[in-house]
Structure formats: structure tokens, C-alpha cells
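**Q** One letter stands for each residue in the lines below.
Protein chains: 4
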Amino acid sequence: MESLLTVERRLLLSCPDRPGIVAVVSGLLADCAANITSLDEHAEPANGRFAMRVAYTLPSARAQEAQSRIEAQLDGEDIELRFSDPATLPRVAVLCSSENHCLTDLLWRFASDELRGRLVCVISTSDEHRTAVAAAGVHYHHLPVASRDEMSAHEEQLLELLVGKVDLVVLARYMRILSEQFLEAVSCPAINIHHGFLPAFKGGRPYEQAHERGVKLIGATAHYVTAELDEGPIIEQDVVRVSHRDSSDDLRRVGRDVERVVLARAVRAHLEDRVVRWDKRALVF
Amino acid sequence: MESLLTVERRLLLSCPDRPGIVAVVSGLLADCAANITSLDEHAEPANGRFAMRVAYTLPSARAQEAQSRIEAQLDGEDIELRFSDPATLPRVAVLCSSENHCLTDLLWRFASDELRGRLVCVISTSDEHRTAVAAAGVHYHHLPVASRDEMSAHEEQLLELLVGKVDLVVLARYMRILSEQFLEAVSCPAINIHHGFLPAFKGGRPYEQAHERGVKLIGATAHYVTAELDEGPIIEQDVVRVSHRDSSDDLRRVGRDVERVVLARAVRAHLEDRVVRWDKRALVF
Amino acid sequence: MESLLTVERRLLLSCPDRPGIVAVVSGLLADCAANITSLDEHAEPANGRFAMRVAYTLPSARAQEAQSRIEAQLDGEDIELRFSDPATLPRVAVLCSSENHCLTDLLWRFASDELRGRLVCVISTSDEHRTAVAAAGVHYHHLPVASRDEMSAHEEQLLELLVGKVDLVVLARYMRILSEQFLEAVSCPAINIHHGFLPAFKGGRPYEQAHERGVKLIGATAHYVTAELDEGPIIEQDVVRVSHRDSSDDLRRVGRDVERVVLARAVRAHLEDRVVRWDKRALVF
Amino acid sequence: MESLLTVERRLLLSCPDRPGIVAVVSGLLADCAANITSLDEHAEPANGRFAMRVAYTLPSARAQEAQSRIEAQLDGEDIELRFSDPATLPRVAVLCSSENHCLTDLLWRFASDELRGRLVCVISTSDEHRTAVAAAGVHYHHLPVASRDEMSAHEEQLLELLVGKVDLVVLARYMRILSEQFLEAVSCPAINIHHGFLPAFKGGRPYEQAHERGVKLIGATAHYVTAELDEGPIIEQDVVRVSHRDSSDDLRRVGRDVERVVLARAVRAHLEDRVVRWDKRALVF
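Chains as they are written, first to last, in the numbering used here: chain Y, 1 to 285; chain S, 286 to 570; chain P, 571 to 855; chain R, 856 to 1140.
Hints were generated in silico from the structure; no laboratory data involved. Hints should not be assumed to be uniformly reliable.
What the hints assert, rightly or not - Dumping the calculated PhoX-like pairs for lysine-lysine here, alpha-carbon to alpha-carbon at most 20 Å: (1) Lys850/P / Lys772/P; (2) Lys772/P / Lys487/S; (3) Lys202/Y / Lys1057/R; (4) Lys280/Y / Lys202/Y; (5) Lys487/S / Lys565/S; (6) Lys1057/R / Lys1135/R.
Claimed, not checked - From the structure, some residues in chain R lie toward chain Y, with a derived Cβ separation under 8 Å: (7) His897; (8) Pro1054; (9) Glu1067; (10) Arg1068; (11) Val1070; (12) Lys1071; (13) Leu1072; (14) Ile1089; (15) Glu1091; (16) Val1094; (17) His1099; (18) Lys1135; (19) Arg1136; (20) Ala1137; (21) Leu1138.
Fair warning: this is a prediction, and the values are worked out from it, not measured in the lab. Even for Gly, the Cβ is constructed at its ideal location relative to N, Cα and C.
Let the hints inform the model, and build the full structure from the sequences given.
**A** This is the structure we're talking about:
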């Protein structure tokens, strides 16, 4: 009988802080025979906000009840509740250009179930990756952009392929700036990998800048894309040590290793519902 | 009136996992008008155990009630509950030998309130640190040990200075092996800094061994002291990159920087009631 | 005319230390109109040895003369001189089993010219990677091994494919122990990636052991293969932070990211003639 | 006899690249019976420059000859040669304010011979550190600065204490901006520790900015002081991982651990003549 089946659910919650939220959620979950398998929360006195991630298992028949009762109880202004079912894999599109290190890595990770999502398509401004993407059983769309003038037509084509069809867009060295209109229209989050340690080295030449400035560490930053370039909430960052011996080509090469890992960790955190956005910041549970 | 005073409390809990523990604790806390300021938990399917750290604020008048009701509700076999009051600073003794890098660092951290404890005494097998320790306003005891034969008398002297007088013993490069009898008699936890990346390089010559083996990273490990040498639960570890250019003296020097920081982080975590011991492992919330 | 062509050469040198070696080598190179583009050396008082790596450019017509004169001048006991021509790419074979994370990574790096070698074949105990390897234009050999008894026949087959045909063997999670006889017969270096931070966690279950021991960092180690298991000279190591939240499956997953990068760095260093072996240690210039 | 005494010398060299520099230097050193104990060099095709650090031992009687012959041979435009005698310890002044973590660390390192220099004085805008500095046997000068208007008089006082009396000024959280005039007048290098990962987070509030931006790593940067604020050549940098759980006070606390180590490494590299300045960059051998 379905009612005996145990299912898993996750709740991601963000709201103004007040006493008793944990008690309300955990109490209602206990009422519905749920077992909390993981719970992490964060209260910030400085802005008076509270966020929580709860993973729980419960009898399939009571999953909807638990959700409805929590929603009813925590209803109110400025409260965000996101329930999700880990068995329903989010649909992901990867956008890229001719550089393939992040793409290759993501293809491997989706194929190896390291990333709990369904890679539904790869859209590239270059035609080079068709074979590799096809070999992974993923749809490949080649949408070239010759100049800035073509971006608006390009965005139209992207929207056609994405709207309502994917739950997450990953910019894996896509190297184009998407417009505010596009970001609104696509109506799902987009994660970008920036090849620099933000907020240093914004823009398109971070490795050259890093070399000229003689920094001793270079980094990569995965962040949600917002209308303001390289200013979106940071999900993950990492660095690697370099020296004067490294030319800007060397920085580019070692940077690729960091970019891949940082992007993969960010996508993984997002797909596991670990990320809460608070204005300019991202909390990662 | 006292009842209007808000106080802070912490609960560290370890028990067999079962549904509803979070609900019970958070519900009782809500009943007692408490506000949870931080909650972290861990359930491990592999061993069926559960652990949780909760920090909360509540009216002073209800602190004892909250504690008693939680204790009553969660009473049972194999359950550990540790309530603590952050305002009551644990008493700490530091044991060391002639090397003073960890000692100097700990003196600075206690003086700067980075470590929330009360450093009540320093006991050293060397007389060299008397001035520095006195300058920090801390009692200094010089207990020399000429040979292994004297260890048992030495341990007697230590026990006299420690039993009932301190809540934590920190071995800051103390360089002596304490007996099982001593560890039982002292009846408070002891944290040791090992100058190697455990479980590699146990024993007294880790840097020489690391050099001979040509490792590319050296590390330090802070762990609870148990009767089995260098086998106690690991609280914190870190590493630093080295190369063939580094002699074993160089390893010793860069190792000191890691030892200091690793020991300080471990002591801090312990003093903030963040560490739960599960057999050979330490969970750090 | 050929004599006007500028070519690049590298010299890797290891010998007993004595005054004047740098002067001899750089003097003879200057005599032959060479320009030193990179020079790194290491003298170790403790064992009285000296090692040096020099990269230089010179007129093609004088490359042989420079080499011969250096060889004549530095002739003697216990001196190793290795001249190489970066334009001649070393031939590499990758051995693996069913796990493909290192293989996928190496395929990408050879294809992207991050690794300056020629990947001539992949030999796997599993048949799964045929398509991916073929897509990269590399020969694939499936040599299954059902049991330990078959290892000696397996090694025969390997030798047939490798002896005289490759300059480096890379064990990319090959998961079998090669015999001393094999290592001698293959007569080229072999680099292995060990999924643990050597010398801790030798053997086949490092992640399980790491989890049981509750370490706070896990690592990977790339080393030359010698007859003694996991005891060969270490070329590269790295670690990643973990916590009690990570199951041994999680350790395995995050470990894969470290394994890949550590193996690639070691292979790259070897292919660029940066590694000198001194008994149990490897110097990496 | 003096001539039989072996002494150590170092040469730091920066010049336009041309073939044969290593041969000239090592040849002249060999002529003077010197043994090169360490040699590191860097040639940069992009800017056509060359730099080298050589450490050597030779008979005391020939030290001056070696230096003179190298100077004569390498004489020319745009060539910098810096010979030094490791036995002559550079004189160091530390400038600080009320924060004492870097000061405490430097006092310990000079006292422990980790830093090969002579700490001749500590100058502080606060009077708090007098006892600690005196205990280390170092002169303490309290030079308060109430406002920006007083900076010019303050700089006068500083110059009186420093000019001709020290070889290096270390700004150990000195928290004041020194004028271009001062930097010229003091005529010795000054190293500053910036509590942020430059070039991100310039200025005086890096931890607050890091918190607001939600970065996942914070860092510290040691650099030579130039007239342009936080723009001097970077000698050393490092980072530490943080999360949303860390308030800006927490960032400040963990930042202190990075600041200390980064500053100490930079000062050590400078005192060992390992740093060459090329415009906006510092090479560290």
C-alpha cells in the first residue's frame, strides 16, 4: 500500500527570525510521523532573519499533509518555503562556448550521478562539442553569436529552448553577458563560474590582471547570475597558489582546475537545495 | 527582577537515533520561552546514533525548568546530555615543556578573549617560561622530569594541581606520555597537539620521518588524549605545503605555525561545547 | 639552414655535490651559444648530493655538441645526466579498472595539450571505457583479470603491449598490485595515484579507514611505483577538508576530485622532466 | 688565518635578460673558490627581464674579490646587484597600533630566531604594549596620533627614530596611511599587512565588506608600501575558509591568524633576500 512507503522530502525556509520556528516545524513533522535526517539553520541578529534546511523521511501518504500544515502555520509576509522531493531530479541546461573544461567535467559528473539532476541539454556558441555531448546522450544545440548586436536574437533562441523546460541554467564558461530581460524571462536560477576571486578581478581578463598584479593565489567564484555583472550571490569559491614563475597562460591552466571544482560544488549545493539567497549573499547549508 | 533576565545556555546531546528528538527538545524549549540561536545535528545511519548541539536564550527564571524537563523526557540508557552556561568559563591548565610556541599563542588567545575559558595555571617541565606566564597573570608551576622513572611521581604532583581544579587540560607540546591511571584520575578531558598528520607519523619524530619519506604536505593534529598513544579522537587537523628544499628543521619551523592554529581551534571548539565524542571519533559542530 | 634553427633542450642532473657544477654546465652552455631559460637546483648537505634542472635554447647545430661536452666533463661515478628534447613527446600508457574519473580527466588533458606527452594506449581490466577512449583516438585494450592467479598471465600481456612502446605507465586507479618482476621488465617509470594521504592509509580501503578514524582532511598521493606497496617516492599530494557529516561514500566522492588533480600534476611534472629520484624521495623542480 | 675562514654571501640580481648571465656569475664564483649552495632564477620573455638569487660560501679572503669582479662584469644600465652577508642581521622597526596580534607574533619570532633580523624598536600609536615589548628587550616608543592633522608631525617623529637606524620597517597593523614624502625620506623598504585579499577589499573595512559580499574565503596580503594605497608589490597572501555562520567579528578573529602568518612569511622572505621588485610585482625566490 502506498501509505506504507517511506519517502524523502526537503524543506528550505527563509523568514524573519522569531522564537519557536524550529519547534513548529519539527513538531508538525513529528505529528506526521516524519524522521528528521538532517537539520541546519542560521539566525542572524544583524538583519533579524532566519533560514533553515530540513531533510526528513515520512510515510508517503503523509508527505502532503506535513507540507500543508507547515505552510498553514508559517504563512505570512516575507516567508519563503521551498519543499522538494529528491526523487524528482531538477532539469538542467548547460550553456558554454568553445572552452570545454567545465563542460567535460559536468558531463562526467551528471553521468556518474555526482550531480543529482537531469542534464537535458547543452547549448553552445561553438559547434565543437557536439560529439562529446551526443556520446553522453544529451541534446546539443549550436547557437552561434557573431557579435553583440546578435545577442538579443540569441537570447530569444535561448528562451525558446529553456523557458518551462529547465529548472537551472549553468553558465559553464559561456562568456557572454545575459541581459536583465533574459534573466527575468527565463524564470529559473542561473549559476555562473567566474574565473577570478570575486570581488577582485571582475570582467573578462582576470588571469591577465592577476599576472600583472603579481598575486600569489588565483581563484574562481561560482555565483548566481544577476543583472549586475559579477555581483550575484557567491555560492562557492576556491583558490590555488601561483608564483612569478607562472605566465598568464599558466594561470589560465591551473585556474581551469579550480573553476571546474568550484562550479561543480556550487551546482551540487543548488541541486541538493542547500542554498538560500539573502539579497547579495548566498547561505550554503 | 531576576525572572526578566535573559540568559544563554547550550545543550550537547548524544543518543541512539529515533524520530522526534528535535521536536521534543525544541518543543520543550519553546514551552519555556526559549529562543534557539543555533542548532546543529548529525544522525548516522551506519551506527544508529544521533548528536545535537543547541544554543538558546531564555528567561533566567526558566533555565532550570527547561533543563529538567528535557532531562526527564530524554532520560534513558546510552543518552548523554550536557547543559552548560557560557557565562561560566571552564578552568583550563596548560602543560608544556621547553618549546613555547603553543604556550605563547595560548597565552595571547586567552588574554584576548579568543578562547572562552579561564587559564588557571601553566605547568611546565622547564623553568624557562616563568616570566612570560607571570606577565599574563597566570600561575606557573615548574615540575621537572629527569627520566621515565620519575613519571609516576610527576603524575602525582600533576594530579595534586589539577584534580577538581580544572575542567580541561591542554598538552601544548608537553612531550611526555601520560599513563592510563593518570588520565582516569584527572577526570577531565585532555587535548594534545601532535606535530604530525595522524594517523601518519605517530610517535616522537614526525618531522624527521616526513623529511625522509619526502611528503609534500606536513600537518598537525589536535586530539583528545586516550590511553593509546596518538589514537584519541581527532578534533582538528591542518596541513602546510613543503618541498624537497625544506630540511627537517624547516619542517619543524613551518610545522609550528600549523600546530599553534590547530591546537587553538580544537581548544576553542571544546570550550564552546562543540565537540561530541563517539568512540574513536570526534564530531565538531 | 638547419644550423640557424633554435631548439629547446632540458638537462636533469643528479650527482654528488662538489663546487663548480653550475659553472661547468652554464659555462659549456654559454660556449655553445645556449640561452638558459630556466634553472633550478638543490644541494643537500645531509646526504652530500646535488641535483639540477636546466632548460635552454641553442642553435640546432650545437645541441649535440653541448650535450657531449657536458657529458665528457661531468663523467664519473654516481652521476646521472638526462638530456631531453621537449619536441619529442614521451609515449604514455594509462592502465585503469572500472573507475573512470582519472581516465576521463587524463583523456581531456592529453587532448587539450595540458600534458605534453603522447597517449598511445589505454589498458583496462574493464571493458566499459572503450567508446570514450576510441572517441579520443586512442587505442583501447581490454585485459580482464578474474583473480590473483591470473595476474602473472596478465602481466605477460601487459609487457607485450608496453615494453619498448611506451616511456611512462600511469596507473589511473588500476587497483592491482604489479610484481617486482613486472616493474623490472617494463623498464620505464610507472606513476600510481593512491587514494589516501600516504604514509597514512596504505592499502585498499583508505576512505573507510579515514572515516572510522574521523580524520578532518583526506588526501591523495601520486608516487612512482616500486616493489614495496605504496612506498615509492612521492611526487605530489593534496588534501581536502571533510567532516563527520561525510560518509565514506562522500569521502570517496570528494576524494575523486583530489585524486584527479594530484595525478595530473604528477604526470605533468614527470613529462616536463621536473622529477629527480633520490632513493625513497622525489625532488620536483 | 682569516683567509681560511669560510663565509656565506648572497647575491640578488635583476637585469635585462641576455644569454650567459648564469655562466658569468657562476664562472666568476668558481674562480673565487666559491660553492653555490642555492641558486634560483627567473627569465620573463614578456618583459625581457631576468632575476636571480644565488647563495654561496667561499673563503673569507675572496668574498670582496668575487663581488667586485661580478660588479665589474655585469656593470651597465638597468642592472641591480645586491650582495649581502647573512651574518649581518638587518635592523628592523615594527610600527603598530592598539591591535597586538601581529606584534606578539613578531616578538616571538624574532626571539626564537625564526626571523633573521635584529628587532631594534617598536613604535606604537598606543601605549598598551610597553611591558610586552620591554620584556623582549626591545625599545618601545609611544607616538600617539590623535587626528589626521597630526600625521605630518607624527611622520617627523618617526623619521627621527628610523632614518639611518633601520633597514626595514614593518607595519604590523599600524592602521595609518604614510605619505609619499615619508616613504621617500625613510629610504628603506616598508612591508605592510593588509587584512584582506588584495586587490579585493582595499581600504579600512575589509572584513565588513567581505561579510556583506558573502565571500567564502577571506585573506590577508603582505606587500611593500608604496605611495598608492594597497597597491604595492605583493610578497605573500593566504586565505582561510569562512561561511555565512561567521559574523564580521568572526572574520576579524580568523583573519588575525592569517594576517600573522602572512606577514611573518613576507618579512622572513625579505630578510633572507628572496624578494625582487619588478614594478608592481614582487618575485619571491
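**Q** Please go over all the hints and tell whether each is borne out by the structure.
**A** Each hint tested on the structure:
Proposed proximity of Lys850/P and Lys772/P is supported: the alpha carbons are some 16 Å apart, at most 20 Å. Among the hinted pairs, Lys772/P with Lys487/S is consistent with the structure: their alpha-carbon atoms are about 15 Å apart, no more than 20 Å. Restraint check for Lys202/Y and Lys1057/R: satisfied, since their Cα atoms lie roughly 15 Å apart, inside the 20 Å limit. Using a Cα cut-off of 20 Å, the hinted pair Lys280/Y and Lys202/Y holds, with the two alpha carbons roughly 16 Å apart.
A C-alpha spacing of about 16 Å is found between Lys487/S and Lys565/S, which places the hinted pair at or below 20 Å, so the restraint holds. Pair hint Lys1057/R plus Lys1135/R holds up; C-alpha atoms about 16 Å apart against a cutoff of 20 Å. With a cut of 8 Å, the hint placing His897/R at the interface with chain Y holds, because the nearest CB-to-CB distance is about 6 Å. Nearest Cβ of chain Y to the Cβ of Pro1054/R: about 5 Å, under the 8 Å cut. The hint holds.
Interface hint status for Glu1067/R: upheld, as the beta-carbon distance to the closest one in chain Y is roughly 7 Å, under 8 Å. Taking 8 Å as the C-beta cut-off, the interface hint given for Arg1068/R holds, the closest approach to chain Y being about 6 Å. Given the 8 Å rule on beta carbons, the hint for Val1070/R holds: about 6 Å separates it from the nearest Cβ of chain Y. For Lys1071/R, the shortest C-beta to C-beta distance to chain Y is roughly 4 Å, which falls under 8 Å, so the interface hint holds.
Given the 8 Å rule on beta carbons, the hint for Leu1072/R holds: about 5 Å separates it from the nearest Cβ of chain Y. Checking Ile1089/R against chain Y: minimum C-beta separation of about 5 Å stays under 8 Å; hint holds. Interface restraint check: Glu1091/R against chain Y, minimum CB-CB distance 6 Å, threshold 8 Å, status holds. Checking Val1094/R against chain Y: minimum C-beta separation of about 6 Å stays under 8 Å; hint holds.
Because the beta carbon of His1099/R sits about 4 Å from the nearest beta carbon in chain Y, less than 8 Å, this interface hint is met. Interface restraint check for Lys1135/R: the shortest CB-CB distance to chain Y comes to about 6 Å, inside 8 Å, so the restraint holds. A hinted interface residue such as Arg1136/R counts as satisfied when its beta carbon comes closer than 8 Å to some beta carbon of chain Y; here the least separation is about 3 Å, so the hint holds. Interface hint at Ala1137/R: satisfied, since its Cβ lies 6 Å from the closest Cβ of chain Y, which is below the 8 Å cut-off.
The closest approach between the C-beta of Leu1138/R and any C-beta of chain Y is roughly 4 Å, which is under the 8 Å cut-off, so the hint is satisfied.
When each numbered hint is compared with the structure, no violation occurs for any of them.
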